[in-house]
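Novice: Protein sequence lines correspond, in order, to chains A and B.
Numbering-wise, the first sequence is residues 1 to 342 according to this note's numbering.
Numbering-wise, the second sequence is residues 343 to 684 according to this note's numbering.
Watch out, some of these pointers could steer you wrong.
[To be verified] Distance condition first, Cα-Cα at most 30 Å in a straight line; then the derived BS3-like pairs of lysine-lysine:
hint	chain 1	residue 1	chain 2	residue 2
1	B	LYS368	A	LYS151
2	B	LYS493	A	LYS151
3	A	LYS162	A	LYS151
[To be verified] Selected chain A positions facing chain B (in silico; Cβ < 7 Å):
hint	residue
4	ILE43
5	GLU47
6	ASP55
Note that these hints are calculated values from the structure, not bench results.
C-beta: ideal position from N, C-alpha, C; glycine also.
Listed below, chain by chain, are the residues.
There are 2 protein chains.
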Amino acid sequence: MTKSKSTEIASLGEFGLIDRLTSRLKRRNPSTLMGAGDDAAIIDLGEEVMLLTTDMLTEGIDFDLSYFPLKHLGYKSIVRGVNDILAMNGQPTQVVVALGVSAKISVEALDELYEGMETAAEELGVDIVGGDTTASMNGLIITITATGRAKKEDVVYRSGAKEHDLICITSNLGAAYMGLHLLEREKRVLKDVENPEPKFSGYEYLLERYLKPRARRGVLDALREEGIRPTSMIDLSDGLASDLRQICHKSQCGARIYLERIPIARQTSELAEEMHIDPVIAALNGGEDHELLFTVPLDMQEKIMRLGLVDVIGHITREESGVVLVTPDGEGIALKAQAFDR
Amino acid sequence: MTKSKSTEIASLGEFGLIDRLTSRLKRRNPSTLMGAGDDAAIIDLGEEVMLLTTDMLTEGIDFDLSYFPLKHLGYKSIVRGVNDILAMNGQPTQVVVALGVSAKISVEALDELYEGMETAAEELGVDIVGGDTTASMNGLIITITATGRAKKEDVVYRSGAKEHDLICITSNLGAAYMGLHLLEREKRVLKDVENPEPKFSGYEYLLERYLKPRARRGVLDALREEGIRPTSMIDLSDGLASDLRQICHKSQCGARIYLERIPIARQTSELAEEMHIDPVIAALNGGEDHELLFTVPLDMQEKIMRLGLVDVIGHITREESGVVLVTPDGEGIALKAQAFDR
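One chain only, chain A, in its complex shape (with noise of 0.2 Å):
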């Protein structure tokens, strides 16, 4: 199957897989405004647009069903899909949901992880309109399809960031990323056990943040109402570094974000510690916050301020600048994206 010559995908870097297997595609269809490259794809409906985006889950990979309660799955699936939508600035409405059941999984566990989804659905106001079932020699396979409406002139790109623009997180990073290390390690100390007892005291907010993320659709619906638009907006799910990356990427420019601005939870830092990880590395690289991560112009500072309701961590700069990282001592540190690995 794979010929003579092989290439492996982790060998095209950061950007690669996805710019090369998109290049060949085609556009044929005038409705078709936008394909692959930003959170959704933007399909042409006159005064408005229709956004579209997909995001596949696997078992192994993205979730762990020994620790991850069916019904936390199914709520965290459609916040995964939704936010994709709101990282457009758009309004979230349909959303389809294609399942790859094994045989170990019960009609009950079905009804759980709808039940999940359902009730992300209704704290997000989309319809769940429909799906496939099939079967799945291994494992339970997840792909949440959401559609979101927006006027025009409302749609917010990576691509749309200046100079001098602010950077603006919706949450403290890294908390996710704890929360699945905690998990993993009390699965590894409770392998024997008989009647397993994990500790998570002290820790529930990582554990919820991992495994019940909120989408900030109440954010951009504040932002809205403040007349703020922001200029470049994407969900952080790969982690600050390589998202941030992927605004600068898109919209050919630099940027300074200061160490001491990030947010990180008391709790993120109490178990980084007792687990010897960064802390740092938690909220830049660890990924899964599910937050937004978006630029606003630099006279938006005293309204996104009073705001209160994100933090301002930076500011974009020149491409030729780089994606710089400032520590207290006013030290600039280049920001690597991790390895590509999914």
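Here the structure of chain A is known, so what remains is to put chain B in place on it, guided by the hints.
Specialist: Only chain B this time, still in chain A's reference frame:
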């Protein structure tokens, strides 16, 4: 995970699982005209609607990479997705692709998959507008989500069949099923052979029908030109028996189809005989035909016959008559769908 009460999915029967899972889903957006229950969901756009459908294929269940060329697999996955839009009488427009990729898949293999997808997209006039690539622990997974447009009054549902309507299909049946059997046989026979040379001679048509099914966009265009509007329609994916029962279930009607009118290709009969399979079973229950099954009013009989593009295999009856296959000697056999197995 399965708790105290554990119900096997198979026990819910033919229409049970989807009905159970989707019965709890609410509609919150006025733009949601129809959710689960037909080939695609329907989203209100004003005069037009957008159709939305998702379809997952998993390695080991839906395809075997040891004999399924990736180019064909890409092609077929797009056809499958787009067929659900056609089965609602919509014009397919955009597609998004979510891939789960195991470590054994090289970049060149993904290139081939995308090449096949783009070939199908070109033939069907749709745009691949993005997607998601994630890691998979176990095998390749492909989820295709397709969208399309239609005028509201043009949408054809599974539920519109009326007594006396004619039942039509767009090609002979059972060929894909026999193609799959041929591939499986040669794989089995040549399992331990060093340089295997599978014998496909004389059965190329069956392989093509399984590996590279064609979407019937052309037939629908011809019907439209002739002013023939189907009263109900479904994508023939689970087999004629099951899919006709779906139409009857949704339309609250019965059906009589005539055995001698069900078209079966010569190669299908020949291989079936060689492999001791009843060709009628292949045609009724084989599945994967990816043709269209639809009904038209009785007064369209002459028009549809003159068109010469479809076979009329029977007619719609009252619900209490059931779904019946009439043998050449006039005997009526109640059509049962196969057990739910996916």
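Novice: For every hint, state whether the structure bears it out.
Specialist: Evaluation of the provided hints:
no.	hint	result
1	B:LYS368 with A:LYS151	26 Å, holds
2	B:LYS493 with A:LYS151	22 Å, holds
3	A:LYS162 with A:LYS151	22 Å, holds
4	ILE43	6 Å, holds
5	GLU47	10 Å, violated
6	ASP55	5 Å, holds
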